[in-house]
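K.L.:
First to last, the sequence lines map onto chains A and B. Each residue of the first sequence is one higher than the last, beginning at 1320 in our numbering. Each residue of the second sequence is one higher than the last, beginning at 995 in our numbering.
Don't read these hints as lab results, they were simulated from the structure. Just to be clear, a hint being listed does not mean it is correct.
Stated by the list, open to error - Below are the DSS-like pairs computed for lysine-lysine, each with C-alpha atoms no more than 25 Å apart in a straight line:
1) A/K1372 with A/K1389
2) A/K1374 with B/K1107
3) A/K1372 with B/K1063
4) A/K1376 with B/K1095
5) B/K1043 with A/K1389
6) A/K1390 with B/K1103
7) A/K1376 with A/K1390
8) B/K1107 with B/K1063
9) A/K1372 with A/K1322
10) A/K1376 with A/K1389
11) B/K1095 with A/K1322
Said to hold, decoys possible - Derived CB-CB ranges, DEER-like:
12) B/S1053 with A/P1358: 23 to 33 Å
13) A/L1360 with B/S1064: 27 to 37 Å
14) A/R1328 with B/S1064: 38 to 48 Å
15) A/D1370 with B/K1107: 31 to 41 Å
16) B/H1076 with A/M1346: 25 to 35 Å
17) A/K1389 with B/P1108: 19 to 29 Å
18) B/I1077 with A/L1414: 32 to 42 Å
All C-beta atoms, glycine included, are put in the ideal place defined by N, C-alpha and C.
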Amino acid sequence: DVKVTQSSRYLVKRTGEKVFLECVQDMDHENMFWYRQDPGLGLRLIYFSYDVKMKEKGDIPEGYSVSREKKERFSLILESASTNQTSMYLCASSLGGGLGQPQHFGDGTRLSIL
Amino acid sequence: AQSVTQLDSQVPVFEEAPVELRCNYSSSVSVYLFWYVQYPNQGLQLLLKYLSGSTLVESINGFEAEFNKSQTSFHLRKPSVHISDTAEYFCAVSGQNNFNKFYFGSGTKLNVKP
């Protein structure tokens, strides 16, 4: 089974801090994704990566950046955390190449910005 | 552009009753369709998917979904629900785009009552 591991289940940070959320997958997947999930809004794509050092903006990239130095690891960075970034963050991965590949999700990080 | 609409934000139902969770999508190209389930404090798990072929797809735990191209729908059904089916369900669409991007609906919370 694919395993996507997010480093923290719960995280509390202060406004203005630089925050790192880490995600590791163990199936050699080419694609990795970061979403945020808010009640009534579903999942919104922040950034994704289709290869090492490659990244693309999703629908809501403002205030975030990402890093993918190794194929198995995809980091989400909140450059200067703000209270409106309090949310559930979900990481996912999928195979590249063929179309229709399902995405596999981690358990999420519930981030609170005080 | 693609979008997914889940009209029902919450669906209450009694145990052993049938249920239908609705999903409609908009896309001008061929799509791949997915249903995911999210239990409390967990990530999303793939429930079932439609890629091609038979328009009726089934999951291992009794759910089924039917792809209807003319109605642009992919409704999820179960003839008899259990308490353990209480969760949030997300419909997602992936088209013939690069990088396997998904578009998610806003989710439907299924609440099964005894």
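K.L.:
Which hints, by number, does the structure contradict?
P.N.:
Of the numbered hints given earlier, those the structure breaks are 2, 3, 5, 6, 8, 15 and 17, listed in rising order.
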